[in-house]
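These protein sequence lines are chains A and B, in that order. Per the UniProt record's numbering: the first sequence = residues 1 to 212. Per the UniProt record's numbering: the second sequence = residues 1 to 212.
No lab work stands behind these hints: they were computed from the structure. Hints may be right or wrong, so weigh each one.
Examples of chain B residues lying across from chain A (beta carbon under 8 Å, computed) [claimed, not checked]:
| # | residue |
| --- | --- |
| 1 | P55 |
| 2 | G57 |
| 3 | I69 |
| 4 | S121 |
| 5 | G122 |
| 6 | G129 |
Stretch by stretch, here's where chain B covers chain A in the computed footprint (C-beta under 8 Å, at least three residues) [said to hold, decoys possible]:
| # | segment |
| --- | --- |
| 7 | 107 to 115 |
| 8 | 124 to 135 |
Bear in mind the structure is a predicted one, so any value in this text is a computation, not a measurement. Positions of the beta carbon are idealized from the N, C-alpha and C atoms, including for glycine.
2 protein chains.
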Amino acid sequence: MADITITTFDWVPNVPRGYVRDIRLRWALEEVGLPYRVESTPFKDRGDEHFENQPFGQVPWLTHGDISIFESGADLLYLAETSGKLLPADPKGRSEVIMWLFAGLNSVEMAVLPFTIFKFSGDEEETPGRQALDGFLSARLGHVEAYLSGRNWLCDDFSIADIIMSDVLRLADRFDALSNYPNCRSYVERAVSRPAFKKAYQDQLDHFAKAD
Amino acid sequence: MADITITTFDWVPNVPRGYVRDIRLRWALEEVGLPYRVESTPFKDRGDEHFENQPFGQVPWLTHGDISIFESGADLLYLAETSGKLLPADPKGRSEVIMWLFAGLNSVEMAVLPFTIFKFSGDEEETPGRQALDGFLSARLGHVEAYLSGRNWLCDDFSIADIIMSDVLRLADRFDALSNYPNCRSYVERAVSRPAFKKAYQDQLDHFAKAD
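Just need the whole structure built from these sequences, with the hints factored in.
Now the structure itself:
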């Protein structure tokens with residue numbers, strides 16, 4: 001079968017560099033040791049081919065033979081199943097990792113992402129909705145903080161769920177949202193000190209720098 | 001193996017009734033025809049046992065033998081794999097449904113949920129962040145609208161991805177956010193006209209009404 005290919009933008013502005021979601025796929029691929037290639041799609045002019053592969057006009061997507069998958073969570077699940085790594089084989093262990101994979105995205109990123117939209121807008125106005133949104137984020141972070149107490153990783157071993165959760169928390173940390181959550185912060189530090197993350201991060205920076 | 005059990009709240013206020021996420025599990029279980037029981041956990045006093053099963057203090061969670069899974073996306077994937085229904089067996093078809101399962105949650109609910117937080121707060125102030133958030137929602141809905149053109153369901157057949165996506169869009173529709181998206185609205189109408197949805201919906205209403 002053909003190599004796995006990640007498609008990401010050819011270029012992005014400086015602000016998202018190091019945070020574009022192709023880093024999740026690069027990281028997982030470095031962890032599992034599968035060969036892969038990285039291809040580019042235009043950032044500034046997103047054409048039909050882009051939307052055929054990623055109907056929301058985002059990146060990344062993964063292709064492998066006749067399979068094309070967008071959504072970083074689906075991509076990581078595919079890579080884990082293809083490699084037999086970062087996801088336990090036994091039904092109970094497998095279900096726990098998949099549960100935390102969804103939780104990183106749907107319980108935590110769902111709170112972090114709107115928070116970052118306001119931060120990137122420079123909007124600090126304390127309207128009632130904004131207070132509710134900030135309360136939503138702090139509640140979610142508080143629950144992750146409690147869960148991480150005494151744990152190195154979300155499940156028994158480092159897994160695809162940790163790639164998602166630590167990357168999501170990393171984005172919160174960028175705006176200093178983890179200052180009251182030491183377990184979350186040390187969890188992120190543990191994750192980003194892995195050689196596979198460091199390589200993925202540098203490769204993403206290099207990829208976008210090439211197009212400057 | 002023991003029956004599948006869904007745990008949801010014993011009671012909720014009127015506003016979320018018909019929208020509590022146990023409806024996604026009830027709906028899937030009615031579609032696939034697996035036997036199941038529904039148990040309750042206190043809404044007003046969420047204790048240690050609740051957080052052990054659902055570390056964010058939300059509902060539902062699913063138990064089956066020694067397996068306990070929260071996150072509706074993970075629950076639906078488990079139910080599809082357990083029943084062999086609502087998820088194709090071939091690798092390409094399977095990957096497409098899983099991709100759209102994540103997309104409903106992470107590309108669409110991620111935009112709908114913060115929008116509903118502002119709506120439930122009665123907050124209509126047009127701050128820069130709020131405008132960015134509303135733009136995020138309308139972009140995502142616009143992409144779903146384009147994708148649904150000429151399609152009955154997200155993939156070839158009705159799947160777990162449609163349960164998630166239509167339930168997410170249903171919440172947006174509640175605040176009239178679909179008025180400019182006729183494909184989305186007719187997709188929701190098609191989904192909620194299924195007998196399995198109708199039963200799940202009525203069962204949820206009945207469950208909470210019992211505790212009034």
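Right, here's what the structure says about each hint:
1. P55: This hint holds: P55 of chain B lies near chain A, its Cβ roughly 5 Å from the closest one there, short of 8 Å.
2. G57: It holds, given that the least Cβ distance between G57 of chain B and chain A is near 7 Å, below 8 Å.
3. I69: 5 Å, holds
4. S121: This hint holds: S121 of chain B lies near chain A, its Cβ roughly 4 Å from the closest one there, short of 8 Å.
5. G122: 7 Å, holds
6. G129: 3 Å, holds
7. 107 to 115: holds (count 5)
8. 124 to 135: holds (count 8)
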